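**Student:** Per this note's numbering, the sequence shown starts with residue 1, numbered consecutively.
In case anyone wonders, no lab produced these hints; they're calculated from the structure. All figures in this text were calculated on a predicted structure; none of them were measured in a lab. Just to be clear, a hint being listed does not mean it is correct.
What follows is a list of derived Cβ distance ranges for each label pair [to be verified]:
no.: 1; residue 1: Thr-51; residue 2: Ala-293; range: 45 to 51 Å
no.: 2; residue 1: Arg-196; residue 2: Asp-343; range: 29 to 35 Å
no.: 3; residue 1: Glu-55; residue 2: Thr-179; range: 31 to 37 Å
no.: 4; residue 1: Asn-335; residue 2: Thr-142; range: 55 to 61 Å
no.: 5; residue 1: Trp-410; residue 2: Asp-343; range: 24 to 30 Å
Capping the alpha-carbon separation at 25 Å, the derived lysine-lysine pairs in BS3-like fashion look like this [to be verified]:
no.: 6; residue 1: Lys-165; residue 2: Lys-124
no.: 7; residue 1: Lys-158; residue 2: Lys-289
no.: 8; residue 1: Lys-113; residue 2: Lys-165
no.: 9; residue 1: Lys-50; residue 2: Lys-21
no.: 10; residue 1: Lys-124; residue 2: Lys-113
no.: 11; residue 1: Lys-124; residue 2: Lys-217
no.: 12; residue 1: Lys-289; residue 2: Lys-165
no.: 13; residue 1: Lys-45; residue 2: Lys-21
no.: 14; residue 1: Lys-67; residue 2: Lys-204
no.: 15; residue 1: Lys-67; residue 2: Lys-21
no.: 16; residue 1: Lys-204; residue 2: Lys-347
no.: 17; residue 1: Lys-204; residue 2: Lys-395
no.: 18; residue 1: Lys-67; residue 2: Lys-50
no.: 19; residue 1: Lys-158; residue 2: Lys-124
no.: 20; residue 1: Lys-113; residue 2: Lys-158
no.: 21; residue 1: Lys-395; residue 2: Lys-113
no.: 22; residue 1: Lys-67; residue 2: Lys-45
no.: 23; residue 1: Lys-204; residue 2: Lys-217
Glycine included, each C-beta is placed from N, C-alpha and C at the ideal position.
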Amino acid sequence: MAIRKNDFMSRNPLQPGEIGKIRTVQIRPGLWRADASYCDRSGTKGRCRKTGRTETASRRALADELKERIEFENLNSLVTTASLVNEAVDIYLMNRMDDARNGIGRANPRSVKIYRSVAENWIKPILGELQVRQLTPGRLDTYFRNDVPPTRYADVRKILHAFIKWLVVQGALRRDPVTNLQSYQRKNIQKRSKDREFTIEDLKTVLAAIEGWMTRKRPGPRPSTNYRDLVLLIAGTACRPGEALALRRCDIDLNCTVAPGTTKPVAHITGTVVYDAELGGLLRQPHTKGHGAGDRTVILPTFVAAMLRERMMAAAPNENDAIFATRTGNWLSLNNINTRLRDSILKDTDVGAWFELRLLRSATGTVVANEFGAEAAAAQMGNTREIAESHYIHKSRLAPDRAAQIQDAWGTAFGS
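Hey, can you work out the whole structure from these sequences and the hints?
**Tutor:** Rendered as structure tokens:
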């Protein structure tokens with residue numbers, strides 16, 4: 001038998017965007033398989049197999065899959081269908097961080113760091129070696145059922161879904177595989193609970209302990225009034241502790257016109273104190289949580305206005321124009337304040353083991369809600385009504401007193 005030269009030569013390699021010969025085989029009655037080699041537009045080669053009940057159905061399924069892998073490829077995207085999830089997640093988070101630093105979107109750099117922590121612990125170790133195209137509804141269903149603990153489900157799903165929607169925008173996926181998945185939240189897993197209810201008696205205990213600490217005889221500088229004044233401010237405004245620490249002299253107007261012919265003391269809450277890893281210290285973020293969604297002006301009770309007036313008169317201005325500052329004029333650390341309150345000032349009290357400044361926020365929010373409703377409390381706190389009700393407002397367990405009406409309706413039946 002004559003041997004031709006071309007028998008020893010390999011076939012021409014597939015070029016980007018090309019598909020090799022499609023082969024079909026009947027596996028068993030009613031089940032056919034079609035497969036073919038392909039080369040996507042980035043030059044990555046692979047082999048694709050799909051099955052169907054008939055030969056035509058298997059060919060059609062294969063054609064659809066190859067269209068997904070080749071024709072929909074976006075050459076200008078940052079990731080492709082063949083990219084590993086590990087690499088795609090890193091690119092996604094880098095872009096989110098760039099956006100956060102440039103003020104694009106709602107996330108801030110601290111939020112993106114939390115996203116990265118979730119991705120490093122719960123997404124990359126399990127899904128990281130998959131190609132993006134392999135993030136199918138079936139694979140994600142298995143992932144949520146078997147690999148994500150109930151306590152982490154909400155955070156993982158939120159971050160994974162945001163990542164997948166970004167993949168759709170980049171052209172690496174044609175459709176969102178998470179959209180049609182059910183919720184995997186366990187019914188017996190409680191969502192974030194409300195803070196412990198803080199009462200008027202608790203507030204008296206805190207203020208008495210702070211006053212005792214301030215008046216105690218000791219060597220050295222005179223004790224600061226920061227702790228007492230922060231308690232008064234947060235109790236009087238329901239602001240976040242970080243927002244209280246970010247108040248500047250220019251944010252306080254003790255004679256603000258709130259209606260024609262009416263002036264009242266107000267505080268313009270427009271920022272919060274955060275830790276910046278790159279700076280290695282604290283700074284004032286020029287907007288409240290949610291990129292300013294909580295910016296607001298609150299009218300001050302008399303005891304808060306008097307305290308602020310006294311502070312601004314007693315203390316010299318500092319470089320940050322801060323109401324609450326260290327002796328060198330820097331921003332105060334919330335962690336240090338809570339630690340000092342818990343471990344020193346309130347150590348010997350009943351509330352010392354659990355008190356934090358944020359508890360005052362929910363307590364005052366509850367006071368406003370009980371008097372004026374949840375909408376008013378949400379506006380005071382800089383939240384949506386849903387967040388205020390689910391996280392802060394403590395609903396009274398005592399049902400309305402309707403005993404007299406019930407007595408009138410049914411009492412005669414019992415001879416009373």
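**Student:** Flag every earlier hint the structure violates by its number, smallest first.
**Tutor:** 2, 4, 5, 11, 14 and 21
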